[in-house]
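> Chain residues, written in single-letter form:
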Amino acid sequence: MSGTTIPAVALRRRRRDLGYWLDHERALGYMLVAPVVLLLLGLVAYPFMVAIGYALSNRTLADAGEFVGLDNFIDLFDDDIYLQTLRNTFVFTAGSVSLRLVFGVGLALLLNESFRFSRLIRAAVLLPWIVPTVLGTMAWLWMFNPNFSVINWVLVHSGLMTEGPNWLTDPDLALFCVILVNAWRGTPFMAITVLAGLQSIPQDLYDASAIDGAGKFQRFFYVTLPLVMPVLLTALVLSIIWTFSDFGIVYGLTKGGPMNATHVLATLSYQAGLAAGNIGEGAAISLTMLPMLLVLIIWQLRRIRRSTVL
Amino acid sequence: MDTPRSLTPPSSITRRSLLAATAAVPLATPAIAQNALKGTKLTILVGQFYVPENNAQLDQLAVDVAKDTGMEIHVERLAGDELGVKTAAVVATGRGADLSIGVEFDTYLYASKLADVTDLANEFGKQYGGWLDVAKQACMVGGKWKSLCIGQAPAAWNYRVDQFAAAGINKFPDTFDDLLKAAKVLHGKGTPIGMTLGHASGDGRSTNYPVLWAFGGKEFEKDGRTVALNSAETLRAVEWYKEIYQYFIPGTTAWLDPDNNQAFLAGKCSATVNVNTIYLASRAAAPTNPVMKNIMENMDHGNWPRGPAGRFASYNINTWLPFASSPNRAGQMHFLRAWFDKSFLPKWTKTGQSYFIPTFAGFDNLDVWPEDPKLKIFRELNKLNRLEGYAGPPTPSAAEAVSKYILVDMFAKACTGQLKPKAAVEWAAKEYEQIAKKHRA
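Protein chains in written order, with my numbering: chain Y, 1 to 310; chain U, 1 to 441.
A couple of the hints might just be wrong.
Residues of chain Y clear of chain U, computed beta-carbon distances all greater than 10 Å [as the list claims (entries may be wrong)]:
{"hint": "1", "residue": "Tyr20"}
{"hint": "2", "residue": "Ser118"}
{"hint": "3", "residue": "His157"}
{"hint": "4", "residue": "Asn260"}
A few chain U residues facing chain Y, derived, Cβ under 7 Å [to be verified]:
{"hint": "5", "residue": "Thr93"}
{"hint": "6", "residue": "Gly96"}
{"hint": "7", "residue": "Tyr110"}
{"hint": "8", "residue": "Lys268"}
{"hint": "9", "residue": "Asp409"}
Hints in this document: simulated from the structure, not taken from any laboratory. Fair warning: this is a prediction, and the values are worked out from it, not measured in the lab. We put the beta carbon where it would ideally sit given N, CA and C, even for glycine.
With these hints in hand, go ahead and build the complete structure from the sequences.
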């Protein structure tokens, strides 16, 4: 043991030095994660807690209101429009994500082949994803327009129909339209993500399976799909989350009409919170998305952790 | 992008002394106000008036006021729904603007965050022969003026005179029965009419509420708290709508605000409820576009038909919302005085071609009306408006019902057969009850 002693004043000074703290692994760890934690607290946790506070109050845009407990949520489940909206949101999400999955994977498989201008086409495929939502929606609105639908013009002038469908008038067809536009917008993301996964699969595996006599379908189901699955699941979960909380496409195309047939939770929340000024109700509507999204997020996080551990 | 705003009120001058100073001094000689307002800032949120010259006039007014007072004025022009969202943000945070243009219910929704402008309202009312009742309903809360009515955009029946004549109808129907008969004949001739039944924030209201009122239906009792929708009168209105709907052009349940304009201008629709923008658009395009010229020459405007309970209309209203949070209250008041000044408002109104008409009784006698004979009817229509929420005031409950399109959907559900008329009325009444219960609590 060293016989050297550090004077008390010097010790205190050293404790105040940055170097002292940097030498301690535990302290250094906290310091390194502190910026991220602060960011998360400020940008995620704080707004989230505020939203919960709003949802438990009868706050309006002009008045702070008072605590009403779960009244906003109880009222929602007695409201036909909310219940219809909840159903719509599930149908909208399931429909859109299914279409994205089918077309996204199909498109990725096509783009994974070698052909002329493949790079150019891969870039072009991203357009619906890159174009601002409102612009894409305006183009579709024009195509579904009750008066000037270009789709109907083609159907009628090609002799396929005498009169085109009323795309946004019929409640079921209107819901299909918003699903279709959402899928159109989200398919490129799915396709490019899956394409990245496909391109990371070593050619050796395909060669080996071919030598073993595997056909195209067997190669897809026993080589491609298992190896691309982690990427596919991540893209799928992100797609579900984004679609479940989508606002722009529905608001731009139908504003939730006709007769609330296309209202989703995000548009209803806007309508209640901002258009009608009932911030408490609007926040409560938004928060009812949480359980569904929370399940997905927890599942995804656990999956990521498992794959990291492995 | 927002201009940096003044965060501190102008030095030691009190609001009361400044109001007195600016009240006494007209815009042309603002000696006292100039000193008081110099160096202050004023941010004004506005939307787009349909007539472009009206926007330019507002901008020029801001420039003139800024020049006269030394106040820095920033006019922030926002498109469509953005104005409402930004206004809501200012109300919620108390920052971002000093004045904004609001719509029908905003005064009631934001009353506690708006400045009392009763003195100004009385002064302007006196100046222009008194406010119309609809302005008082829209701008007064608890006996105080919390906003100032800019004007209203009267919606009329836009109809094709030539197509009506071809169907043997020589004037626009004067009763709802006649309108139903006319719709049937026009449909048979291949020139159907159309009424907006979609989630259109403007046309959805102006088209559907007058039908309810004409049959004697009402949303609330006079207290504004008791729902009165489920009645025999409402049911009759729904049944009439269901009957006429079968003669409409297809697609009206999906119509948003621009769709009836487009259908009419494309010659696909012989009559629809709209402000005068269809006519103004065709007139503007007429010199270079023969199709538009034909529409301009062959269309006219008609008043709402009379129902069993009378003749009613519902128009979009714009108001000046003076935020109580503004650090530049004197600047607010000064700008509002300039807006309502006799050197500005009548000229602005005439330029607007009756698209937006101030709600003063005395305007009837001023030279503010367009010369065009096809726009003359708007002078009469200006006296017809009724606010949603009738027979009560325009409460937050009425506002919420409008924003949720309950009445529009009630008619649409019955018209499309999704619900029987009685069930549609009951559905809507239940929605109203839930809204009213929430606001009563």
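> Would you mind marking each hint as holding or not holding in the structure?
For each hint, the structure was consulted:
With 10 Å as the threshold on Cβ separation, the claim that Y/Tyr20 sits away from chain U holds: the shortest Cβ distance comes to roughly 42 Å. The claim that Y/Ser118 is not at the interface with chain U holds, since no C-beta of that chain comes within 10 Å of its own (minimum 40 Å). Under the 10 Å C-beta cut-off, the non-interface status given to Y/His157 relative to chain U holds; the minimum distance is some 16 Å. Its closest Cβ contact with chain U, about 6 Å, brings Y/Asn260 to no more than 10 Å, contrary to its assignment away from the interface.
Interface restraint check: U/Thr93 against chain Y, minimum CB-CB distance 10 Å, threshold 7 Å, status violated. The beta carbon of U/Gly96 comes no nearer than 13 Å to any beta carbon in chain Y, farther than 7 Å, and the hint placing it at the interface is violated. Among the interface hints, the one on U/Tyr110 holds; its C-beta lies about 5 Å from the nearest C-beta in chain Y, closer than the 7 Å criterion. Hint status for U/Lys268: holds, given a least beta-carbon distance of 6 Å to chain Y, under 7 Å.
At its closest, the beta carbon of U/Asp409 sits 5 Å from a beta carbon of chain Y; the interface hint therefore holds under the 7 Å criterion.
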